[in-house]
Amino acid sequence: PKGKFVYIVNAQSKVEPRAAFGGPTNTGLRAYVVYERFDASNQRDVYLRRSTDGGVTWGGAVLVETVSTATYDALFARLSVKPGAAIGNNDTVVVCWERIALTGATRPNVRCNRSTDSGATFGSDVQVNTTADVAIVPDLATDNTYAYVPWQQGDSIRVARAPLSGTFAFATETALNTL
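Heads up: the sequence shown begins at 1 in my numbering, then just goes up one per residue.
Source of the hints: derived by calculation from the structure; they are not laboratory data.
Just so you know, even glycine gets a beta-carbon here, dropped at the ideal spot from N, CA and C.
Errors might be hidden in some of the hints.
[Unchecked claim] So the derived label-pair ranges between C-beta atoms look like this:
id: 1; residue 1: T121; residue 2: A169; range: 12 to 20 angstroms
id: 2; residue 1: A132; residue 2: G54; range: 41 to 49 angstroms
id: 3; residue 1: G28; residue 2: D155; range: 43 to 51 angstroms
id: 4; residue 1: S156; residue 2: A86; range: 23 to 31 angstroms
id: 5; residue 1: W58; residue 2: A132; range: 33 to 41 angstroms
id: 6; residue 1: P17; residue 2: V134; range: 42 to 50 angstroms
id: 7; residue 1: G54; residue 2: T121; range: 20 to 28 angstroms
id: 8; residue 1: T131; residue 2: A85; range: 33 to 41 angstroms
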(Lines of atoms letter the chains of each structure in order from A and count residues from 1; the text may use other names and numbers.)
(Lines give C-alpha, C1' and ligand atoms only; values in the text may rest on other atoms or scores of the structure.)
Protein backbone atom coordinates (compact mmCIF):
# COMPACT_ATOMS: atom_id res chain seq x y z
CA PRO A 1 0.00 0.00 0.00
CA LYS A 2 1.04 3.56 -0.72
CA GLY A 3 2.85 5.24 2.15
CA LYS A 4 3.61 2.05 4.08
CA PHE A 5 7.02 0.50 4.56
CA VAL A 6 7.25 -3.25 4.91
CA TYR A 7 10.46 -4.66 6.37
CA ILE A 8 10.99 -8.21 5.17
CA VAL A 9 13.61 -10.32 6.91
CA ASN A 10 14.73 -13.59 5.38
CA ALA A 11 17.24 -16.09 6.69
CA GLN A 12 20.72 -14.65 6.20
CA SER A 13 19.39 -11.05 5.97
CA LYS A 14 21.97 -8.54 7.17
CA VAL A 15 20.87 -5.42 9.07
CA GLU A 16 22.18 -2.47 11.12
CA PRO A 17 25.60 -2.01 9.43
CA ARG A 18 28.28 0.21 11.01
CA ALA A 19 31.67 1.05 9.50
CA ALA A 20 35.08 2.25 10.70
CA PHE A 21 38.56 2.69 9.26
CA GLY A 22 41.77 1.36 10.77
CA GLY A 23 45.48 1.78 10.14
CA PRO A 24 47.49 1.72 6.93
CA THR A 25 48.52 -1.31 4.86
CA ASN A 26 50.66 -1.49 1.73
CA THR A 27 47.49 -1.18 -0.39
CA GLY A 28 45.40 1.33 1.60
CA LEU A 29 43.64 1.65 4.92
CA ARG A 30 41.99 -1.26 6.68
CA ALA A 31 38.20 -0.89 6.70
CA TYR A 32 35.66 -2.71 8.87
CA VAL A 33 31.91 -3.29 8.75
CA VAL A 34 29.99 -4.82 11.65
CA TYR A 35 26.40 -5.99 11.19
CA GLU A 36 23.72 -8.27 12.55
CA ARG A 37 22.82 -11.32 10.48
CA PHE A 38 19.65 -13.35 10.83
CA ASP A 39 20.22 -17.10 10.84
CA ALA A 40 17.79 -19.74 9.53
CA SER A 41 15.67 -19.52 12.72
CA ASN A 42 15.51 -15.68 12.54
CA GLN A 43 17.95 -15.12 15.40
CA ARG A 44 20.43 -12.25 15.05
CA ASP A 45 24.16 -12.77 15.50
CA VAL A 46 26.97 -10.16 15.24
CA TYR A 47 29.49 -10.46 12.39
CA LEU A 48 32.43 -8.40 11.16
CA ARG A 49 33.96 -8.16 7.68
CA ARG A 50 37.22 -6.40 6.93
CA SER A 51 39.14 -5.03 4.01
CA THR A 52 42.89 -4.48 3.89
CA ASP A 53 42.84 -2.38 0.71
CA GLY A 54 40.58 0.53 1.63
CA GLY A 55 37.34 -1.27 0.80
CA VAL A 56 38.16 -2.48 -2.72
CA THR A 57 37.84 -6.14 -1.65
CA TRP A 58 36.41 -7.72 1.50
CA GLY A 59 37.26 -10.85 3.49
CA GLY A 60 34.79 -13.38 4.83
CA ALA A 61 32.45 -12.90 7.75
CA VAL A 62 33.87 -13.37 11.27
CA LEU A 63 31.45 -14.21 14.11
CA VAL A 64 32.05 -11.72 16.93
CA GLU A 65 29.87 -13.33 19.63
CA THR A 66 31.39 -16.22 21.54
CA VAL A 67 28.56 -16.91 24.00
CA SER A 68 26.14 -19.53 22.71
CA THR A 69 24.01 -17.73 20.15
CA ALA A 70 21.27 -20.40 20.10
CA THR A 71 19.27 -18.76 22.90
CA TYR A 72 20.10 -15.07 22.40
CA ASP A 73 19.42 -12.27 19.92
CA ALA A 74 21.92 -9.49 19.27
CA LEU A 75 20.82 -5.90 18.59
CA PHE A 76 22.38 -2.46 18.14
CA ALA A 77 25.90 -3.65 17.20
CA ARG A 78 28.50 -0.86 17.34
CA LEU A 79 32.12 -0.72 16.16
CA SER A 80 35.20 1.31 17.06
CA VAL A 81 38.83 0.91 15.98
CA LYS A 82 42.17 1.99 17.44
CA PRO A 83 44.29 2.12 14.25
CA GLY A 84 47.73 0.58 14.08
CA ALA A 85 50.29 3.39 13.98
CA ALA A 86 52.22 2.16 10.94
CA ILE A 87 52.16 -0.39 8.14
CA GLY A 88 52.50 -3.84 9.69
CA ASN A 89 50.94 -2.82 13.03
CA ASN A 90 47.62 -4.42 13.93
CA ASP A 91 44.44 -2.46 14.66
CA THR A 92 42.52 -3.06 17.88
CA VAL A 93 38.87 -3.60 16.90
CA VAL A 94 36.11 -3.41 19.52
CA VAL A 95 32.46 -4.37 18.96
CA CYS A 96 29.59 -4.03 21.42
CA TRP A 97 25.92 -5.00 21.21
CA GLU A 98 22.75 -5.50 23.22
CA ARG A 99 22.00 -9.15 23.98
CA ILE A 100 18.45 -10.33 24.59
CA ALA A 101 17.52 -13.79 25.85
CA LEU A 102 14.97 -15.52 23.64
CA THR A 103 13.73 -17.68 26.51
CA GLY A 104 13.69 -17.37 30.29
CA ALA A 105 13.74 -14.31 32.49
CA THR A 106 17.22 -13.01 31.65
CA ARG A 107 17.15 -9.24 31.14
CA PRO A 108 18.82 -7.54 28.17
CA ASN A 109 22.47 -6.74 28.81
CA VAL A 110 25.37 -5.14 26.97
CA ARG A 111 28.19 -7.35 25.64
CA CYS A 112 31.53 -6.41 24.09
CA ASN A 113 34.39 -8.19 22.34
CA ARG A 114 37.88 -7.19 21.20
CA SER A 115 40.25 -8.22 18.44
CA THR A 116 43.94 -7.35 18.63
CA ASP A 117 44.78 -8.78 15.19
CA SER A 118 42.84 -6.33 13.00
CA GLY A 119 39.57 -8.24 13.19
CA ALA A 120 40.87 -11.64 12.07
CA THR A 121 39.84 -13.26 15.37
CA PHE A 122 38.04 -12.24 18.56
CA GLY A 123 38.53 -13.36 22.15
CA SER A 124 35.70 -14.18 24.55
CA ASP A 125 32.98 -11.57 24.73
CA VAL A 126 32.31 -9.97 28.11
CA GLN A 127 29.31 -8.41 29.79
CA VAL A 128 29.68 -4.65 30.23
CA ASN A 129 26.92 -3.81 32.72
CA THR A 130 27.29 -5.17 36.25
CA THR A 131 23.82 -4.56 37.67
CA ALA A 132 20.78 -6.76 37.06
CA ASP A 133 18.57 -4.01 35.60
CA VAL A 134 17.73 -3.85 31.89
CA ALA A 135 20.71 -2.50 29.89
CA ILE A 136 19.86 -1.38 26.34
CA VAL A 137 20.96 0.71 23.34
CA PRO A 138 24.75 0.71 23.75
CA ASP A 139 27.21 2.91 21.91
CA LEU A 140 31.00 2.70 21.70
CA ALA A 141 34.10 4.87 21.36
CA THR A 142 37.81 4.22 21.76
CA ASP A 143 40.88 6.33 22.39
CA ASN A 144 44.48 5.12 22.54
CA THR A 145 43.96 3.44 25.92
CA TYR A 146 40.33 2.48 26.58
CA ALA A 147 37.03 1.38 25.05
CA TYR A 148 34.12 3.43 26.44
CA VAL A 149 30.60 1.99 26.35
CA PRO A 150 27.58 4.11 27.34
CA TRP A 151 24.07 2.60 27.49
CA GLN A 152 20.59 3.24 28.84
CA GLN A 153 19.62 1.47 32.03
CA GLY A 154 16.20 2.25 33.48
CA ASP A 155 15.98 6.04 33.78
CA SER A 156 19.76 6.46 33.79
CA ILE A 157 22.63 6.69 31.32
CA ARG A 158 25.60 4.60 32.41
CA VAL A 159 29.13 4.21 31.11
CA ALA A 160 31.99 1.78 31.69
CA ARG A 161 35.46 1.46 30.22
CA ALA A 162 37.88 -1.38 29.49
CA PRO A 163 41.57 -1.26 28.58
CA LEU A 164 42.45 -1.91 24.94
CA SER A 165 45.58 -3.83 25.95
CA GLY A 166 45.95 -6.49 28.62
CA THR A 167 42.87 -8.10 30.17
CA PHE A 168 39.69 -6.96 28.42
CA ALA A 169 37.33 -6.36 31.36
CA PHE A 170 35.05 -3.45 32.13
CA ALA A 171 35.37 -1.45 35.33
CA THR A 172 32.30 -0.83 37.45
CA GLU A 173 29.84 1.33 35.60
CA THR A 174 29.11 4.96 36.47
CA ALA A 175 25.64 6.52 36.35
CA LEU A 176 25.92 9.81 34.45
CA ASN A 177 22.45 11.24 35.01
CA THR A 178 18.84 10.58 35.72
CA LEU A 179 16.49 11.25 32.80
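Checked hints:
Between T121 and A169 the C-beta distance comes to about 19 angstroms, which sits within the given range of 12 to 20 angstroms. Between A132 and G54 the beta carbons are some 44 angstroms apart, a value that agrees with the proposed interval 41 to 49 angstroms. Here the CB-CB span from G28 to D155 is close to 45 angstroms, well matched to the stated 43 to 51 angstroms. Between S156 and A86 the Cβ separation comes to about 41 angstroms, which falls outside the hinted range of 23 to 31 angstroms.
At about 39 angstroms, the CB distance of W58 to A132 agrees with the hint of 33 to 41 angstroms. About 25 angstroms separates the C-beta atoms of P17 and V134, a value inconsistent with the hinted range of 42 to 50 angstroms. The hint said 20 to 28 angstroms for the Cβ distance between G54 and T121, and at roughly 22 angstroms that hint holds. Taking 33 to 41 angstroms as the suggested C-beta distance range, the pair T131 and A85 conforms, at roughly 37 angstroms.
In terms of the numbered hints stated before, the structure departs from hints 4, 6, listed from lowest to highest.
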